[in-house]
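Use these hints to put chain B onto chain A, whose structure you have.
Chain by chain, the residues run as shown.
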Amino acid sequence: SLCVVYSGALKRNLSSEQVRADFIALGLSEEKASYFAEQWKVNSPTLTRLAVGQTLMINQLIDMEWKFGVTAGSSELEKVGSIFLQLKLVIKKGSQLENVYVGELTV
Amino acid sequence: MAALREAEFAALQSLLKAPSRDAVRQLCQECFSSPPAALGPLAQRACPGLAAGPEEAEQLVSALHNLTRHVVYRGLTRAEDILSLFPENFHQNLKNLLTKIILENISAWRNEAQASQISLPQLVDMDWRVDIKTSSDSIIRMAVPTCLLQLKIQEDAALCGNNPVVSALTVELSKETLDTMLEGLGRIRDQLSAVANK
Chain A
1 SLCVVYSGAL KRNLSSEQVR ADFIALGLSE EKASYFAEQW KVNSPTLTRL
51 AVGQTLMINQ LIDMEWKFGV TAGSSELEKV GSIFLQLKLV IKKGSQLENV
101 YVGELTV
Chain B
1 MAALREAEFA ALQSLLKAPS RDAVRQLCQE CFSSPPAALG PLAQRACPGL
51 AAGPEEAEQL VSALHNLTRH VVYRGLTRAE DILSLFPENF HQNLKNLLTK
101 IILENISAWR NEAQASQISL PQLVDMDWRV DIKTSSDSII RMAVPTCLLQ
151 LKIQEDAALC GNNPVVSALT VELSKETLDT MLEGLGRIRD QLSAVANK
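Protein sequence lines, in the order shown, are assigned to chains A and B. Per this note's numbering, the first sequence starts with residue 1, numbered consecutively. Per this note's numbering, the second sequence starts with residue 1, numbered consecutively.
Only chain A is shown next, with the shape it has when bound in the complex (with noise of 0.2 angstroms):
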């Protein structure tokens, strides 16, 4: 019960007073409530953070790697000398991460 108070805290995003004022409603002694409250008061910053990284985003770009070179050559040319770039983009779809590679670049 005392995660369903606090999570309904962090849901509404109450001050600590207004925690103290529901813990004293449910029947918690002046002092125990004061002491839950100032729990919240410290910890809630480190739970709203946690609350918020959990919402929902679709398609998250978790990684980017990248390389840069220069071609040296070619099947038609021997001799190339231009610029690429490549990307590499980790996503994550659903539950699986996928890899999305971009090539090329020309300056």
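Some clues are possibly wrong.
Using 27 angstroms as the maximum straight-line C-alpha spacing, the simulated DSSO-like pairs for lysine-lysine come out as follows [what the hints assert, rightly or not]:
1. B:Lys175 <-> A:Lys92
2. A:Lys93 <-> B:Lys152
3. B:Lys17 <-> B:Lys95
4. B:Lys133 <-> A:Lys92
5. A:Lys93 <-> B:Lys175
6. A:Lys67 <-> A:Lys92
7. A:Lys11 <-> A:Lys41
8. A:Lys11 <-> B:Lys133
9. A:Lys67 <-> B:Lys152
10. B:Lys175 <-> A:Lys67
Simulated coverage check for chain B against chain A, where a stretch passes if three residues somewhere in it have a Cβ under 8 angstroms from a Cβ of chain A [to be verified]:
11. 70–82
12. 104–116
13. 170–182
14. 190–197
Since the hints were derived computationally from the structure, they do not count as laboratory data. Since we're looking at a predicted model, the values are computed, not measured. Glycine included, each C-beta is placed from N, C-alpha and C at the ideal position.
Below, chain B without anything else, positioned relative to chain A:
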């Protein structure tokens, strides 16, 4: 490495029967641009007046293809370098004409070769949107900015020919992710500028 074999140079001499210099020019361009697999049909179409039979036509077209591709591959840009590819007993006027045609087309052909080389998918467009998330199942009231980025990616242009396959990828980034990504891209830009300025 020799540009062509002796028999191929011999096949080129069929060009002496061409009706005009422009006809030779046109054939050179078609032979360069044609992939090896399409040389057969090209031979049938382009050489009725030039060759005694289909075999001779195919040899001519193949020889022209190999000669033009060789010059582009090696990156030859001077007349002397191209002239020296031909054997000593090759017809002088034809040799000069072919060299002149090749020099006229060399930079367009080089661009064509570069455009048709294999490549990874390319980024062709990027659109974005910034949203503010106001609530969710975990928190009823919030104001969290988020960015949606849509990347349009085109598959290997050389593979697709005239029908490019473009796929759209929409990703969502938090402010922190966006900042990290911009920092990374900034570093890439600095390095590219350093390389380009050398």
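Taken at face value, is the distance from the CA of Lys175 (chain B) to the CA of Lys93 (chain A) at most 27 angstroms?
-> Judged against 27 angstroms, a Cα distance of about 19 angstroms means the pair holds.
For the region 190–197 of chain B, does the count of residues with a C-beta closer than 8 angstroms to a C-beta of chain A reach 3?
-> holds (count 4)
Can the region 170–182 of chain B be counted as covered by chain A under the rule of three residues or more with Cβ-Cβ separation shorter than 8 angstroms?
-> holds (count 8)
Are there three or more residues in the region 104–116 of chain B whose C-beta lies closer than 8 angstroms to some C-beta of chain A?
-> holds (count 4)
With a C-beta cutoff of 8 angstroms, work out whether three or more residues of the region 70–82 of chain B approach chain A closely enough for the coverage to hold.
-> As far as the region 70–82 of chain B goes, the hint holds, because 4 residues have Cβ atoms under 8 angstroms from chain A.
With a cut-off of 27 angstroms on the C-alpha distance, tell me whether Lys93 (chain A) and Lys152 (chain B) pass.
-> Holds: Lys93 (chain A) and Lys152 (chain B) sit about 17 angstroms apart, inside 27 angstroms.
Can the restraint linking Lys11 (chain A) and Lys41 (chain A) be considered satisfied, given a maximum Cα separation of 27 angstroms?
-> holds (15 angstroms)
Holds or violated: are the alpha carbons of Lys67 (chain A) and Lys152 (chain B) at most 27 angstroms from each other?
-> At roughly 20 angstroms apart (the allowed maximum being 27 angstroms), Lys152 (chain B) and Lys67 (chain A) satisfy the hint.
Is Lys11 (chain A) close enough to Lys133 (chain B), meaning Cα to Cα at most 27 angstroms?
-> Holds - the C-alpha atoms of Lys133 (chain B) and Lys11 (chain A) are around 14 angstroms apart, at most 27 angstroms.
Quick one, are Lys133 (chain B) and Lys92 (chain A) close enough, alpha carbons at most 27 angstroms?
-> Given pair Lys133 (chain B), Lys92 (chain A) holds - Cα atoms ~19 angstroms apart, limit 27 angstroms.
Regarding the pair Lys175 (chain B) and Lys67 (chain A), is the alpha-carbon distance no greater than 27 angstroms?
-> With a Cα-Cα distance of about 24 angstroms, the restraint between Lys175 (chain B) and Lys67 (chain A) holds, given a limit of 27 angstroms.
Restraint status (C-alpha distance of Lys175 (chain B) to Lys92 (chain A) at most 27 angstroms) | holds (17 angstroms)
Checked against the numbered hints listed earlier, the structure breaks none of them; every hint is satisfied.
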